[in-house]
Each structure stands twice: as structure tokens, then as C-alpha cells.
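Protein sequence lines, in the order shown, are assigned to chains S and V. Quick note, the first sequence lines up with residues 538 to 893 if you use my numbering. Quick note, the second sequence lines up with residues 10 to 654 if you use my numbering.
Residues from chain V shown here face chain S by an in silico Cβ test under 10 Å; the list is partial:
| hint | residue |
| --- | --- |
| 1 | 235 |
| 2 | 278 |
| 3 | 279 |
| 4 | 325 |
| 5 | 332 |
| 6 | 379 |
| 7 | 396 |
| 8 | 400 |
Calculated pairs, DSS-like style, for lysine-lysine (alpha carbon to alpha carbon, straight line, at most 25 Å):
| hint | chain 1 | residue 1 | chain 2 | residue 2 |
| --- | --- | --- | --- | --- |
| 9 | S | 790 | S | 744 |
| 10 | S | 781 | V | 271 |
| 11 | S | 887 | S | 845 |
| 12 | V | 530 | V | 636 |
| 13 | V | 271 | S | 851 |
| 14 | S | 865 | S | 851 |
| 15 | S | 845 | V | 275 |
| 16 | S | 845 | V | 258 |
| 17 | V | 505 | V | 641 |
| 18 | S | 730 | S | 667 |
| 19 | S | 803 | S | 851 |
| 20 | V | 500 | V | 628 |
| 21 | S | 763 | V | 271 |
| 22 | S | 667 | V | 275 |
| 23 | S | 803 | S | 839 |
| 24 | V | 500 | V | 475 |
| 25 | V | 550 | V | 628 |
| 26 | S | 703 | V | 530 |
| 27 | S | 659 | V | 124 |
| 28 | S | 781 | V | 275 |
| 29 | S | 730 | S | 584 |
| 30 | S | 675 | V | 229 |
| 31 | V | 124 | S | 675 |
| 32 | V | 275 | S | 744 |
| 33 | S | 857 | V | 271 |
| 34 | S | 667 | V | 229 |
| 35 | S | 857 | S | 845 |
| 36 | V | 183 | V | 66 |
| 37 | V | 641 | V | 530 |
| 38 | S | 763 | S | 730 |
| 39 | S | 857 | S | 887 |
| 40 | V | 258 | S | 851 |
Hint data in this document are derived by calculation from the structure and do not stem from the laboratory. For glycine and all other residues, C-beta sits at the position ideal for the given N, C-alpha and C.
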Amino acid sequence: MSYLKSHITRFIRISVTVCVAIFLLAYAIPLDSDKKIDKGVIKTFIKDTIPVEIDLLYDTDSLPDLYYSYIETPVCEEGICYDLKVHLYWDLLGNFSDYEEVTSDPFTKYEHELFTAEDHHKLRQILADKTSPLANYKPEELVDKSKTLYSPLIDAVVGATYPALKNSVVPGAVYSTHTLWNIVNGSLSTEIKQYTIAHLDEAGITKMAFSKNHDLQMYALRNADKELEGYRDILLQLIVNGEKYVPYFAIAKVDQAMWSDVNFQKSLIEHIETADFELQNEIISGLVSVSIDSSSLSTLIKQHPFLKENQYEKFSTVLKNNINGLDKSARQALQKIATDTNNTFAPFAKQLLELR
Amino acid sequence: MNKRRGFLKTLGIGSGAVALGGPISTLFAASHSDFSFDGDKKINPGAFLAKTEAYAKVAYNVDVCIVGGGMSGICAAIAAARNGQKVVLMQDRSRLGGNASSEIRMHISGASQLKQVWRETGILEELVLTEAVTNPQRSYEMWDFVLYDKVVSEPNITLLLDTAFYDVEVNDSKIQKVWGICSPTEEISEITATYFTDCTGDGSLAAKAGANCMRGREAKSTFNESLAVDVADQKTMGNSILFMAQPHKEAMPYTPPVWARKYTTKDFVHRNIGSYEYGYWWLELGGSIDIIGDGQQNRHDLLATLFGVWDYIKNSGNHPESANWALSWVGMIPGKRESRRIVGPYIMKQQDVQAATLFEDRVAYGGWPLDDHPPGGMDTTGDVPYVSIPLKEPYSIPFRSLFSDNIKNLLFAGRNISVSHVALSSTRVMATCATLGQAVGTAAAYCMNNNLTPDSLVNTSTAMSKFQQLLLKQDQALLGIKNEDEDDLAKSARVKSSSETSDGSAENILDGINRNIADGKTHQWRASLENGEQWIELKWKKPVRINQIQLTFDTGLDRFLRMSPQDWVYNDQVRGAQPETIAAYTIEAETNDGAKKIIDIDNNYLRLASHSFEEISAKSIRINVTKSHGDKLARLFEVRCYLEN
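If we strip away everything but chain V, and leave its shape as in the complex, we get (with noise of 0.2 Å):
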């Protein structure tokens, strides 16, 4: 098809045209292959097919349907599809990544804080190490396309982009369809599917569908918790606007608009102005309100306070080397902390937190301090900001806690979780909510795949051990599940290799253990690169027939690894590709016509290599690992082989 003339859309004439899914090429293609274009043929005016009706109805029919595309969302998404489910992801704005993206700059924080082993794992980090990689200039920017890129690469998701959720169909307790409105298409896109995952934040489509919901904070009586308050409320913490400055040759003056709010050396007494490329997370309002509702008042207050903050760092006096700064960017969209909490079978409390409670029904894991702000803000500056109770060690997060007590079909994931206020504290930032993305989304299509509902998976303890497996086979962050996966042809295998360092012996590949767990031990296979070519073979007594290899390798989970308008977050991080992680390896197998190399790679930096190629009848692998990205060790943490149909 000739494209030089641009997208025409034919979609949409009169309701009823059904679209199946897949990225806005495949979508055009299936609509009318009779189109004229520029080149060999002029356009035929009569052909030419401008929908005549305004805010026409697409119908989509998908098996998972994902509303909200922040953090949550694009790993419910790319889980769901990478599980073979059909999807819809229905995002509001323009731009994926909500408090992530550069349209509100807040930080991706998790397990990482906890200063140990634990950044987490999975979809999540394919998509930092991506940027990390891809983005040297950290351009904000650039990070919204490395979540545009990765999710329009999946043929399983259909994104609409600028499409605003607005209302819902259920029936017998169970959502049928959705609607979202996307005004620059006008179209109104309807889409029916099995499961509905909320990742809104603000848990408005469970609002809209009857889903039970908790607000504000509850009273230290409900859940026995020492954190909370005396007395409950409506209160919650508030939301903060984020801004960045650059310095210039010149002193670069500053006015405020008159409707920017005054300070003094008092209001910031509690909060520290350390740098000034980057704003503040204690530029905050709207815990006292109904953050939802007073959304545009709070925007502007919180515009007045971000001005205000600003003449204050210009022309108090107090920061005179700030006279060559201006501000380049101002955020628009207020970066929301708590809102709705849609409830679950089960309700996390702080002593879940603290006690790190090891579920039966885990499905995800956080690190983040019990970290509560006073409803107040910058309107009562004489209080602290932030109320911070450090953790000892990460803790479990369970799948009761991520689908609706009362609406059948409906998962969700972020912020509006099943956990009191307390509990939110911690369970609220971006890297958890990713992690319970990608627990929700590989939930659906494991429900869908094997006849279940989220409540029977729960109550039948050998479907979720299975699907623990599958989760930690794709490489989710989870802790004290061992790889048991029957199908794991690896396991049947004895190792041998090259060389290896006393404590990083072969074994390690199939210990069952992908990370490093703070117990001690490496979990690893290391071997010295510094006399060259490592191998690691993996050899079977009888051969077996395999058409899948996938390889887990070290991408320093010590470290911190997340994009940041803040230059001092880059102090403990390594850009680029992680030195640990091996960058070129082949991957032989003796079959019965002999020796084959299957696999060839000179560029690896990801943690998890997922290798599918044609059948074969193998006696043995062997992985020959050439070159590491600067560490002088090979490494690896674990092998799987498996048969897929």
C-alpha cells in the first residue's frame, strides 16, 4: 500500500464496523483495500470516504480490556498480550506512562529504596533497561516513545490513545462493555471483552460499575493499625506539580503571575530546596479536598504554589546563586498519590507491610517505606511533609488485593488497590504498581486460558501454584517462589561448563533462583572472561525436543535504575547497558545431524532472553558466552528450555 499521501481514516462509516485489534496499521488494512492513493492512480474524489456523522461508534470485541495507560496499565497490557490475549489498552491522553511520563516527571520508585538486592524484574525493567539504552540524552520525551514503541509492538493490543473512559455497561455483576470518547477522532469507541483491568489510578471505572470502593483514612480501630488516625476521615494524601529550570549565561529575572502565592523563609523550613533543575515532591495540595472532583482548582492552586515557590527561590535573597535559572518546563497535570481504593477479598494493612505477611496467593512484591503525608501540604508548611517508616526487607503483595469483592470481571492495578491508607503509603509507587500491572494482566489471560475466575484461581491452591510458575517463568518480581515448573526441560538436565569461580558454580543455572535473594549465595553461574570465550553446556541422558530457550541474566538489581529530571538520582545509577549483563553469546545444540547453532546475539542488555526457533532434537546446549558489557565475569542466573506448542 502507498503511503506517501498520509492517513486517510475510512473507519467508522455508520455504526457496526468491528475492528480486531492490532496496531493503527493493521487496523487501516483491514478496512478497505479498494482505496485509491497518490502515485500510480489520482485520487478519485467520489472515493474518497470522510465519515459524514460525528462521535460514530467503533465496536471493538477483545478478551482483556485495559482502562488507564500509566505504569499499571502498559504492564497489565503487555503481559495480557504476550499471554495471547486480545487487548484494548484505552488511554486519556496522548502521551503512556501517566506519573511516569513526561507529562508529570515523578519518579519510578519501588524495592530499590530499600538499599538491598531488590529493583524489580519483569516487564518493568525490559522497559528502564530499554530507555536506559536507547535514551543517553534523557530526554523525558524520548521515555514516553521507549512505552509508546514497546506497546505498539505488541500485534495483541489495540491502543487507543486520547480516549477518555465515560461510562459502563454491567449486567448480573459482571461489566459487559465500556465506553471512551476520543474527541479528536471523534469517535466513541465501545468495547466488550471477558476481563476489565482498572488502571485509571482514580479507580473510576470501578466507581462507574459498582465496584465497592474505600476513600480517605481509616481510624486506627478498623485495622488495628499504629500509623493510622485516631479519627477516620476523607482525607488523603495530596497531589504535587513538578517543574524543571535550566541555567543560563545571563541573570535571568522572574515575576510571578499576581495570582502566585507569597512565601517566606518559614514555609520551607521542613522542605529542602537542594537543586533547582528539578521541582519539589513537597509542592503539594489537595489532601484536604475531594481530589478528584476540586481536580481544576487544585491545578490552578497548585500552579499558584509551584509560581510562588519559584519567586520565592528568585527573589527572596535567600538563593542568589539561582539568578542565571529560569524555569523551561511546568507540569500541567497534577502527579496524584491517592484517591479511590477499590476493594478486594482481601484488604492490605500496615502490619501486612511491616511484617512482610508471605501470602499464599503473592503475586507481586514492594519495597517502598511506609512513606504517609499530612492532607495539608504547602497550606500548613509549619508541619513536616512526610511521615517515613522504614522497612527491614521487602514484602508480598496478594492476588486478593487486585480484583473487585463484588463485580466478577473486574482486576485492578497502581495506586487504587484493595489496601488501607496505611498500607498505600508504600504500596502506591510506580515500580510496585508496574509489577502488580503485569500480575493482573498475566491474571486474565491465565483465567481465560484454563477456565478459571480471579476467585477460583485464589481458592484452588494448585491453579495459583501454577500460576506463580508462570508468572516467575516470565520473569516477574516475587519473592520465595523456586522455579517448579513441570514443562522446564532445563531441570532434567545435568551442567557442566568451561570454568567457574568458587562461588559461582554451574549449578547455580538450575537452583531455581533467578536474583539475587540476599541469602548469601550468588544464584549465579560465574566464569572469568578475562582468558576469553565462557561456555556453559546443559546435557540431557536421553535427547529432547525443544523449541524454546530462555536465559535470566544480571542486570544489577543493587542498583537504582530509572529515568530523572534529577541530577543527583544519577549518582547511584549506571546508564547504558548494565555492566554485568553478557552481551554477546551463541547458543549450539548437538543434535542428531550434529552440531547447530541456533542462537547468535552480539548485542544483548536486556535480563531475560526469551528464544524461540524451529523444533529440535537436542543431546545437549551449550552457551557460549563471548563478551559481558565491562564486568569481568560472566554471568547467569538461570536456563529454561521448554517444548511450546
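Isolated chain S (complex conformation) (with noise of 0.2 Å):
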């Protein structure tokens, strides 16, 4: 009876997968007829045998955006064998952006128990890791012999990941993780990367600064030309929204004349309020040894309140060395600052206004 009952609960999340799974793809597939796509743009082999056809789609603003392909390849789980197919999307460097399964023909696990959507997301995440051991193991070399599990669906004993490398694979699909991330990450995230590098212009350059993607933002970064007009709105940018840690490079890029210029100064004092902590103590170290415009000067004290006391030090250097750049007005929010008891950075504005 209970057989019976794990089969209806089977087919009722089977059919609920299904469901949903026609209800994303209306929205997954790429039929948007206002964006261009450039077919087949790579064409290549996987396996040596399995030929595949890359397509470059281009966003709204008629730059490239992503490649596409949609693969075929056989896999087979501990004896149990299926085609896995997918729908692929690489970010314009090659990197894993992500993957749609086929609704008719979703992955599965040993025992055709179908991903959940922990799975999934497991799944996106080695696939987005370009150092998994997977690049330098089998996929027979991940599975230990010697510990094994009785499958009664096959009839037959099927060895268990070794606990070194348990969190690099999706549990009870061993072989579907690895071809996947070698697909992914093998010869076609090569192939894609060479052929951006090749076709790329100042545009897609700048497209790719703005974007949100901390790969394609730092290749901007070391690849952007300097002596174009565009470059100090690319650095600027990339220092105010760049992701990760790709504000820090950005900033160590900026010269003396444009830790100089008036504008450059000005944003990069506005930014201080929201960046992080190391951020602003890259901004106050470039600020220390530079003549900055009045106004910024008076924007800068205002900055005082996102600053942490260890900081006030440094902060305070910066103005010392503009002080006879303060005109009325800071020197008036300097006077209300050091006669506020309760805030704490006032015994050094009583210092600064000490000094002239």
C-alpha cells in the first residue's frame, strides 16, 4: 500500500516539476525577437565527436551579451544511462552564467530521482567554480569501490564519493556534475573567451565596466585604453560599483592628476559615505598628499559621521593639509562640530580650527 502511495507522490511531484518547469521556460529561452543573435558564431566539437554550434546574443543595446548552445551528451550514473540535455549560457569571458534543463528531459540522479531544487542550486554553484577539483579528476576516480550502497533499482552495489570531495559534486549524480563543469568550463569557455577578445571594441569595453559581473569588470579595467575620454568615467565607475574586490584595483589605478581634478575629487569624497571600510581608507590615503577644491572640503567634513574613530587620524591629515583651502562654510561646520560634547571626532575639528 505505502508502494503504491510513494508512486502517486512520485507522479504528483513529477507533474508539479513539469508545471513549472513549462511556466519558466516561456521565460527562459531567448524567442525575445528584439535582441539580435549571431547563430552559430563558434563551431566546434566536444568529445571529439559531439559537434556544437555557439550563438552570441546581444542585449537591448545591441552589444554582446552572452553565448549560447544548447548540448546533447550521453551520461551514464552507475550503469544507468540517459541523455542529458541542456540549454547553456557563458558570460562574454567564458564563465558559467547559467543553464536550463530541457522540460521533457530533466537531469537526473541514480535511481531517475529527479534535481531538487537544492540540487540546482549546488549544481550552479560548482559550475561557476573554476578550481573544482573536477577539471583534475575521472569521474570513476571520484567514487570509492570500496564503500558501497545497495541500489535496488539496478540491482547492484554502486560505490559512495569519497568525503574528500563529497562537496564538489551533486550527491547521487557524480557523472551528470563532472560532464556538466567540464562542458562548461573546458575547451568552449576557451574558445568563447578568444573569440570576445578578438571581436571586442571600446563599447563592449565600457559595456562590460558597467555591468555587474566582477570578471568582465576587472578585464575592463586592464584592458580599457587609457588615453580615450571614456577612461576616467570607467575608473570612476568601477571604484563606485564595481564588485568584490574590484573597487581596490580600480583605485590603485588613479594618477596624481586625477586624484587633482575637481570632479574626480568630488565623487570619490561623496562615495565615502557608502563604501566599505578599506575603500574609504584608500580614498583618505589618496586624498592626503592633494590640493582639493573648497567645495569637496566641505562635503569631506560632512563625511566625518561614516568613519570609524580609528580613521579620524588619517582624515584629519587630509584636512590639515588643505587648511587654507577651508572657506566660511566648513570652517562653520568645523566650529559646530567642535563644540558638539557628544561627538567624538570634535577634540580634532578643535584642532584644525587651532591651526590658522
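Could you use the hints to bring the two separately framed chains together as a complex?
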């Protein structure tokens, strides 16, 4: 009786999944006729015999955005074989962007189990990890044949994943994970990157800088032409809106001329309010030996509530080095702080006022 | 001999003075017995025998000469000495330990990294247990003296400190002699030996002797390694200099030297500064230069990097908690990871590490990940400082990777062994190196004692099996070898005990396995000490004549155990004696003359206890355990009994 029940539950589960998949499918595959597609920009092979065609998808701004390919390849999970079918998406530098299953043929684990939402989440993490050990282990090597589980479905014992490598695969889908990872991050990734680099122009680089993808941003930072007019905008964008560690690489490229530029200074000073602690320190360090425009000095003084006490000393040095640039309103602002007993910056403000 | 007036060296009067080997005091004793000291007699100035000639030659004639006194050289020397060989150990500095010494302070890493059960055994385990027990203050310099003590306590070892190897004589593809120079004593040591072992790390002896060597990074196509570079080059992993710092009560400002490098936040996005008491392994340079020849420049560049990093920590504003910290020690010797690799009949590669090939001539094992560092180091802070591929299990290292394929009497251990660059990224760590030292030291002795050469040892499977049995008996870290020693009289005994746990049967002490090998079984006798003393007994049908009993205890090999300047490294360690280890025990033998207590130990902390005594005829022996170092159970992996010549 419970046997039947489990089948019914499974049927309901599959039906729901299929319905959701159909719903998503309507929004998944790029059928948007407004966006340009260059079909088959790369024609190549995987596993020596499987032909692959990669399309270049453009964004609404008519600039290259993503690469896409539909791939079918056989995979065997411990003797149970099936055709893995997947829609794959890469970013412009060949990094994993996303995948979509084919509704009628979703990925399965051994014993024909479907991937759970957690499995999909894990798979996306693994595919995005270029340092995964999957690059350097054959799928058979991931499974310890001496530690076995009995599978009633195939009526055989199957190996268990080595504990040290468990986190590198979706449980029960060792071969699917391995196959997909190598398709996504193998030769196709390299060819995509080469294609992009060969066809990249200034507009493309600018688009990379203004994307939310830290890999694209880093590429833009390293390859943007310093002589071109848009360079400072790119640099500023990467400092203010860079992902992860991009702002720190970007701010390291700011030269004396830029630090001294009125508008550039202003933007960085305004950014102190929302910048991370380390970036605030970088901005303050950069301003220490630079002459700052008067109106920016007033703005700078207004930034002090967004700093920690251990930053006051250096912050104060910046103001000290620009003491002659303080206008009336700036001095009034400092006066107000100096007399505010609740303000921890007060002693520093007092010292600065006594300097003149 | 009255030693109140201290040492006055009398050796080296003219060339040709021959020393037979032994610690410094016996060398001295062997020289001039008619020397007058203060005390009873006044010193006779006429009899004062200072050398007139600087850099006179002192000749040594020994069985095994080991060049290099790091972890590999130390273990090689001790292994050879304990197997009856006369040994010279040559070290170019004043302290032993190499990268592990107080002069460099790199961690002794190895198979514990697998976080399974594979901490290395043998001589290394003896050294680290001794340090853990005798150095609760965690003083690095005292660790140096654990090593020094172990070496000078071996009567068969002549230790030549501050003696730099510089030349070699080779004849007919065999090394005849090596020379080393000691400037503090103005001596040139000339060592003739049957076997020479290159534990220099740089393969300097091998290179000078004309042995085939490798250097740099092989291409993928050379050994079919997925982790290799596409195109071969001469680059290597870099060197690191480490530091230590301490917190103080007040703020400690820091001004770097003018030649220090300048760093900003971007240089540390891939390099974590987690704490300040110890430096960072990623403070690395040298992979892109001649890491041997350009060593002086490399050292200076590393110091410029180190002071630049400390300047960043102290003055960037990003580490306000470092305000009260100040540098207390800065290394002056770069810790090296890679330079030359000497070619043996077999070159281990990536696949041997990952697939854990069970070589027939396996003599040691490794377990560190394949941990390669890109050559740029701190010159390329935009790149990650390492790529680490985790391993599933430990892997074996073959003897054919430990002796030269063209110089017949040259063995080697440490990082300069016969491996590809990729395989080196795992084998290079010091715990592995230490076990390689024990392997080659034992091998040299075994060849000498059995009229073999390294080549014939490898090619005679019965000899190799016996050699592996010897290694196992001496607790070498080995995979897949069981006790099949025909001379072990314990194997013919029957075992019983006062009690045993369900998974710790008394018979386990004779099951041939002396540690946990992660197969679900304990391989040890276990008995609860909660109700008092426990005993285990071996009984023979007919009395056996024995003069040696060997016990193997449990020292918690599933944990890390190593010296460190870093606080968090101690989080998963137990300092002092390991709780699982039996502390107090006696051994009684049932002889024709009744019961005899032959052994009484009350403070054991080592893993291997080897007891030699006057020969007896025993019907049975009983091991009485009274105390552990904290564990509720008495645990014993193995008992062996021998009649040694």
C-alpha cells in the first residue's frame, strides 16, 4: 500500500515540476525578437565527436551579452545511462552564466531521481567554480568502490563519493556534475573567451565595466585604453560600483592628475558615505597629499559621521594639509562639530581650527 | 678528564688525523690523552697544541655521509645510525631542522591534512612527541635542541655543524669523497663513505657529482599531467620569509625602511591577513628567477616585501587592531619550496599522487594536497597564490624515486627527489620529507648489511619485501604492508588479556597492523582502566629465547601534532603526552626460574617502545598497564618479540 503511495507522491512531484518547468520555459530560452542573435559564431566539437554550435546573444543596447548553446551528451550514473540535455549560457569571457533543463528531459540522479531545488543551487555553484577538483579527477576517481551502497533499482552495489570530494559534486549525480562542469569550463570556455577578445571594441569594454560581473569588470579595468576620453568614467564606475575586490584594483590606477581633478575628487569624496571600510581608507590615503577644491572640502567634512574613530587621525591629516582651502562654511561646520560634546570627532575639529 | 677549563681543540695537527665518528666529546677523548688541564696540574704552555695551519684537512671514513641537516637529513642520519652504520651528518648552519628550525619556522606538514588517520609515524613521530612533551613553552629554539639532542645522542653519528659542502670526487659513476668547509673552526672535512645521501634540498651534492637533475615545470605532454603547464619552462614555486610579532601595552608605531615595497588593499584580495603573531606563507617570491643562483637578491626582495606587508598592516588603516603589535622576529633565511629535483629510475607524477599507485617498492607515503604556487608570488598579487587539489587518501612513494639513476651510490630525500613538478607540489612538505629520510637512511644500512645496491634492492623482490618489513618494524609510515617478519617470535604466541572491549580484542596486537588504517577496525587491544590495572599476555607452546620486546602504542594519529608560531594551529592539537598513550607499564616474563620483571616504565609518551634486555627463556610474557595519559582505555597496537644478535 505504501509502495503505491510513494508512486503517487512521485507522480505528483514530477507533475508539479513539469508544470513549473513549462512556466519557466516561457521566460527561459531567448525568444525575444527584439534582441539580435548571431547564430553559430563558434562551431566546434566536444569529446572529439559531438558537434557544438555556439550563438552570440546581444543585449537590448545591441552589444554582445551572452553566449548560448544547446547540448546533448550521454551520461551514465553507475550503469544507468541517459541523454543529458541542457541549454547553456556563458558570459563574454567564457564563465558559466546559467543553464536551463529541457522540460521533457530534466537532469536525473541515479535511480532516476530528479534534481531538487537544492541540487540545482549546488550545481550552479559548482559550475561557476573554475577551481573545482572536477577539472583534475576522472569521474570514476571520485567514487570509492570499496564503500558501497545497494541500489534496488539496478540491483547492484554502487560506490560512494569520497568524503574529501563530496562537496564538489551533486550527491547521486557524480557523472552528470562532472560532465557538465567539463563542458562548461573546458575547451568551449576558452574558445568563447578568444572569440570575445578578437571582436571586442571600446563600446564592448565600456559595457563590461558597467556590468555587474566582476570578471568582466576586471577585464575592462585591465584593457581599457587610458588615452580615450571615457577612461576616467570607467575608472570611477569601477571604484564606485565595482563588484567584490574590483574597486581596490581600480583605485590603484588613479594617478596624481586624477586625484587633483575637481570632479573626480568630488565623486570619490561623496562615495565615502557608502564605501567599505578598506575603500574609505584608500580614498583618504589618496587625498592626503592632494590639493582639494573648497566645495569638496565642505563635503569631505560632512563625511566624518560615516567613518570609524580609528580613521579620524588620517582623515584629519587630509584636512590639515588643506587648511588654507577651508572656506567660511567649512569653518563653520568644523566649529559646530568642535562644540558638540557628543561628537567623537570634536577634538580633531578643535585642533584643526586652532591651526589657522 | 677535568673539563673545567673548557675545550681546546687539538685535532687537525697536520693532515691525516683520522676520526672514527661519535659525538663531540668522544672525538675529543680519542685524540690526546696526555693533554694537561687546570685543576690538579697547572697548564703547561709548552703542551698547548693550537693549530698553526688554517683550513687543514680532517679526514673521516664512514659508511654513510648525509649532506643536509633538515628534517630529511636528520631522519636519514638517525635511521642509518640505529641500523648500525657509522654516519657523518653535514649541516651548513649552526642549527638543525632546515625549514622547520627556528631560523625559518615553516610548519611540518603532511598527511594529517587529509583529516583522516594518517599522521606520519617513525622517527618524525618520536621527534614531534618529544617536543610536545618537553617544550610546553612553545619555544622555537628549544625545538632546535630537541633535534640536536636526538642527533648527538646517537653514538654512530658525527655531526658536522657550520660545515658547507662544496666539492665531490666521482670515480666510475660512484662518489668517492665529499668536502665541506667550516670557517669557525678553520677546518676542511674530507669524508669518504660507501653511500652518500643528498638532503640539501637543492640537490647540490647531486649536481656537483654529475647526477641527472630536473628543474622547472614540465609541459602537459611530458607526463600527461592535467595540472602541468602547456609549455615547459624553468619557473618554480617561490621562497617565503616569515616573521613573528607580539602585542604590547601601548601603541607601537612602525616606519618601514626606504627600500620596503608599497602595498595597497588590492594586493591582499587573494591573501588573507588573519592574525599578526606569525607571518604568511603567501609572502613569496623567486619562482621566476634562478632561485638558487639569485638567492641573495631574492632574500633582499623578500625582506622588502615583508616590511612592505607589515607597513601595510600598521599604516594603511585597514588593520587598526594591529596598533599595539610590533615585530619580534624576522627570518633571514628564505624558506625554499622547490629548486632541483634529482632523477631516479622512476619519476613520480600527478597520477601517482591522485590515484595512490601502490608501488611494489613503496617505502613511504604522502598526503598533502597537490599544492602548486604560481611563480609570480607577491609580484603578481592580482593572481591567487596557490591552487590546491585535495586528495582522497594517502599515496605511496617508491624507492626508485629516491636514488640516482646514474650515480650508483647516491641516495636522496626531501624535496629534491625524483618527481615531476606537479607531484612535487604534494611531496615537498616536511613530514613527507622526514619519512623519505628514514627510508633512505634505512636503505643505505640495509644495502650495506646485505651486500646489495639500491638497484639490486629494487630488482630483487624478496629483498625489497624484507626491507619493507624492516621499515615497518622501525615504525616507518607505510601503506598496505602487514607484519610478516619471520623473526618476530610474538607471531607464534597465543594472546589473552585481563579484559577487552568488543572492538578491541587482545588478538589485535598480532594482526600485523600497527595503526588505524580507516578500514572500520581498531587494530588495537583495548581494555578499560577504570577498574584498575589491565594486562595482556603472550604465551608460547614451548619457551622462546628473547632479548627484545617492542610495543606500539596509540598516540592519536588522527590529530595534527606539530610546532607552530601560529596560535590557531594548536586548536586541533593536544600538547604534551597524547592522552591515548600508555604511560606506565611493566613487563613480566614467566621463565624457568619463575616470574621475572624485566621492564618497568612509569612515564612513557612515545609511540614505539623498544626494550632490549639480557636474553631469557620465556614461556610467556605479560604486559601490565597501570596508567594512560588520560584515556579511560589501555590501548596497544602491537607487540613484537625478538632474539637479536
